[in-house]
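> One-letter residues, chain by chain:
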Amino acid sequence: MSLLRAEHLTVQFGGLVAVKDVSFSVEPGQIFCIIGPNGAGKTTLFNLFSRIYAPSAGRMLLDGVDFTTLPPHRIAQLGIARTFQNLELFDHATVLENLLVGRHRFRRHGFLDEIWFDQAVWQAELESRQAVENIIDFLDLHRFRDTRVGALPYGVRKVIELGRALCSQPRLLLLDEPSSGLNAEESEDIGYWILDIKRHFGITVLMIEHDMRLMGQVSDRVLALNEGSVLTEGSVQEVQSHPQVIEAYLGVQA
Amino acid sequence: MHFDFKKNYRIDVRLIKRGSQAFWYGLLLLALLLVPAVLPKYFVAQMTFILIYSVIGTGLIVLTGVTGLVSLGHAAFVAVGAYAQAILMARGVPLLVSLALSAALAAMLGLVVGLPALRLRGLYLAIATLSFGFIVEILLAHWESMTGGNSGLSVPTPTLWDVAVTGALFYYLCLVVLVLCLLVVLNVLRSPTGRALRAIRDSEVSAQSMGVNLALLKTFSFVLSAALAGLGGALYAHVITYLSPEQFGLNLSIELLMMVVIGGVVWLQGAVLGAVFVIALPQAIAVIKDYLPAVIEQQTGLQPIVFGLVILFFVLVEPTGLYGRWIKVRTYLELFPLCPGSVFVRERHFLRTERLK
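Chains as they are written, first to last, in numbering that gives the first Met the number 0: chain A, 0 to 253; chain B, 0 to 356.
To be clear, the hints were calculated from the coordinates, so they are not data collected in a lab. Only a predicted model underlies this, so the values are computations on that prediction, with no experimental measurement involved. Heads up, the beta-carbon is just placed ideally off N, CA and C, and yes, glycines get one too. One or more hints might be untrue.
Unchecked claim - Taking CB as the label site, the calculated pair distances span:
#1 A:P70 with B:Q20: 53 to 61 Å
#2 B:F42 with A:P152: 36 to 44 Å
#3 A:S1 with B:L110: 42 to 50 Å
To be verified - Mimicking DMTMM-like on lysine to aspartate or glutamate, the simulated pairs with C-alpha atoms at most 25 Å apart in a straight line are:
#4 B:K6 with A:D139
#5 B:K16 with B:E333
#6 B:K6 with A:E96
#7 A:K197 with A:D112
#8 B:K16 with A:E126
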């Protein structure tokens, strides 16, 4: 069974149809890439999956569970984590604290327990820390552990956001343009990490990407969107050579 | 200069990170315990005020500094605590029980205010809480059978096991309450809840997508903050001994907000420093007044003007407040003479991105 299924998703903002009857499914263990020119509705699609927007029509299922009407804070519990195109980190907190927020879905003590802060809460804190340290090891973030996020360069913050999503141990990871704003070297690193995420953690990745090189490096399957609807879906080569995709990106040959 | 050599994860969770911290806070506590024995009565009374304001400020810091929600109606929670305390004590409820009940009542009110406030933010929330403050003030003035209306309500002398809790004893009671409140808030802040609250302040969208229930945690923040304000108010009632609605108006709300901004709104220490400042400033003005030329001395609005100037100064020059300034001074001294002048230059952000709202 496919891990994520989108069935006839449509989003309307007033008269504007941002996403129009989009259907696709992501198989477990895949790296699934969504491409498309600006305004194609890629990020809108992501905001649907994290329930920031509600679809006007259609259904979304994760592993057979319909989450079309689930409240946004329950999405993480379901096993979906995401990053944001323009970074939504907690700027005034340290890197460690940012990553620990990623563990929020494993919080199992109530307010009163936390006020009392007994041994069980201690234990939970230490476990969270251990899990976070594993991600710090994986992404090589040791030297930034106690630095305030706002003071770090863009490239590092991008990695921290990836780390925060990983800390919630998702089944499905949504990456919104993981390489935007990064230099060639940094985006190559991101590419290797994405492959490792799939290999070591067995996490399925759904990503939006503009960098064709990174896309070619990691994707198993590609979906091309234009003006809110699906152009085509297939392997990297199939999509790259599809005439309509070339037309959407480069225009029609005169 | 000290280096924290971290050998295990517990160090980052512990409340007291290193020995020197334990020493200094221990010394502070000892000094506070000795205050009634050493200082004259008048100072003990002023110190009691500082302790009470600190309790209220701690709550406001949870709401404003940590969660990023502004409240211009905090005086209303203080008022509810104070009136509840006066009324319960008059009906013969024991002191400790009525303190707890007053805090609980304010907390319930916090819940009621917190729920609609979930949909508001920034300026709109400020206005909503502001009008809430007015509503409570007017209710207190008109519910005469319960509150005595504008003619006021006198507060019974607190007794605990038939001993009158006044003067030094009341000071100790306030000290114990403050320490307990600080412990509660510190524990909340170092737990997942505290991290989630800070996450809400910095980015609601991503907090939500990490599984933070915004409605639940914002409500919690309101309730905790209101409970502390109510508890502070209950103690406050005994100090001022006579309650009337206009004492809990907009002025008090602004004074409280000002207190935490001056103290340093993101640290709990800020609540205490701010309280010291707010209580000490009028005294300082009274002392300085004698040395001023007669024209200025006889002006009536001297105190509000000085308060206004001070808050302008802090907002413009030192937004991190007194505690933020102290951290800078401390770092400078620790690094002396190697501290470069650029260490605390305020960051400028050139990156402006569209954020999800």
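> For the pair supplied as a hint, K6 (chain B) and E96 (chain A), is the alpha-carbon distance within the 25 Å limit?
Roughly 18 Å between the alpha carbons, so the hint for K6 (chain B) and E96 (chain A) holds.
> Hint says 36 to 44 Å; check whether the CB-CB distance for F42 (chain B) and P152 (chain A) agrees.
51 Å, violated
> Is the hinted pair K6 (chain B) and D139 (chain A) satisfied, with a Cα-Cα distance of at most 25 Å?
OK: K6 (chain B) and D139 (chain A) at ~19 Å, within 25 Å.
> Take a quick look at whether K16 (chain B) and E126 (chain A) sit within 25 Å of each other, Cα to Cα.
Judged against 25 Å, a Cα distance of about 20 Å means the pair holds.
> That 42 to 50 Å hint for S1 (chain A) and L110 (chain B) (C-beta), does it hold up?
43 Å, holds
> What's the verdict on K16 (chain B) and E333 (chain B), does the C-alpha distance respect the 25 Å limit or exceed it?
The given pair, whose Cα atoms are some 17 Å apart, holds under the 25 Å limit.
> Has the hinted range 53 to 61 Å been met by the Cβ atoms of P70 (chain A) and Q20 (chain B)?
41 Å Cβ-Cβ, so the 53 to 61 Å window is violated.
> Could you grab the alpha-carbon distance between K197 (chain A) and D112 (chain A) and see if it respects the 25 Å cut-off?
Between K197 (chain A) and D112 (chain A) the Cα gap is close to 36 Å, so the pair fails against 25 Å, i.e. violated.
Hint check: violations occur at hints 1, 2 and 7; the rest are consistent with the structure.
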